[in-house]
Amino acid sequence: MGYLAPWSSAQNAAWSVNMDAITSNNAAAFGARFNGFNDALIRKVEIAYASDGTRSVSALIAAHDAEQPSNDGWSLVSLRVSDVKQFRFCEEAKSSAQVLSNGLHVCWFGGSVGLEFGDYIDAPENLEDFLGSKLFALGNMLHFSVSDYEP
Amino acid sequence: MGSPMALKQFAALPAAKGAVPRFSGTAKPWTQGATPNSVYTHIDPKTGKAVQNAAYGSDGKVIGHVDFKNHGPGAPSGHGPANPHIPNNQLPPGWDTLPPGVQPRTPLGQ
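Taken in sequence, the protein lines are chains A and B. Position one of the first sequence corresponds to residue 37 (the working numbering), numbered consecutively onward. Position one of the second sequence corresponds to residue 503 (the working numbering), numbered consecutively onward.
Chain A on its own, in the form it takes in the complex (with noise of 0.2 Å):
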């Protein structure tokens, strides 16, 4: 029988040593270079507890890239949320949040940095807004990769 090892917060950050860091200097370029995210999909969202407790909140999205010369300019944006504070994906029976038809919204408060996958059309206005989301995660890192696009 195989044993998963629990991931640990070093094995995090390793992990992010290939990943961009998104912050608020660089979070409009960011938004930019993939069109908002609008009507990006969703591919996957997990969830990793590490051995010391800690959260990180992972989303892989099919995104329309400006950078990107091939697939029609579509490309694979993993994004992850590290040191994760409260997450919440909340999807009812015949909704889905597959379609991100409001876009992706990157969002900071304090030192404080938030995902919130378009359950709300527009950017939340403040941190009470945001909580009250169906979809989001908020934490103290974010980080992207971006690789070639696959069906």
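Hints should not be assumed to be uniformly reliable.
Claimed, not checked - List of simulated lysine to aspartate or glutamate pairs, EDC-like, C-alpha gap at most 20 Å:
1. B/Lys548 / A/Asp158
2. A/Lys130 / B/Asp561
3. A/Lys121 / A/Asp165
Honestly, the hints are just simulated from the structure, not real lab data.
Take the given structure of chain A and dock chain B to it, following the hints.
Positioned in the frame of chain A, the structure of chain B alone reads:
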């Protein structure tokens, strides 16, 4: 701008104008289990303006979206390489119709 998910399913909607059951609300559109061959208008609770129409096929599953909200610079490519946006003037009849008195958040084409 329109962003249909499956061009091949356009014929699923009745062609006769006025025959399409229409609904509206501030909740996000369902993706399944809707009234067959209907259109739902998603209204922004803050502004009262329409942000999206969702069109449903004969099985009650969503077959297309018409967005009344800016989708960034040109909304270039729909929902993937094989699912491009279609021009607004090629939308199936009734897909971009809004409930009486409801304005689009952004008029199509702007």
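Cross-check of the supplied hints:
1. For the proposed pair B/Lys548 and A/Asp158, the alpha carbon gap of about 10 Å is at most 20 Å, so the pair holds.
2. Distance hint between A/Lys130 and B/Asp561 is fulfilled; the C-alpha atoms sit about 13 Å from each other, no more than 20 Å.
3. At roughly 16 Å between alpha-carbon atoms, A/Lys121 and A/Asp165 fall within 20 Å of each other, so this suggested pair holds.
Checked against the numbered hints listed earlier, the structure breaks none of them; every hint is satisfied.
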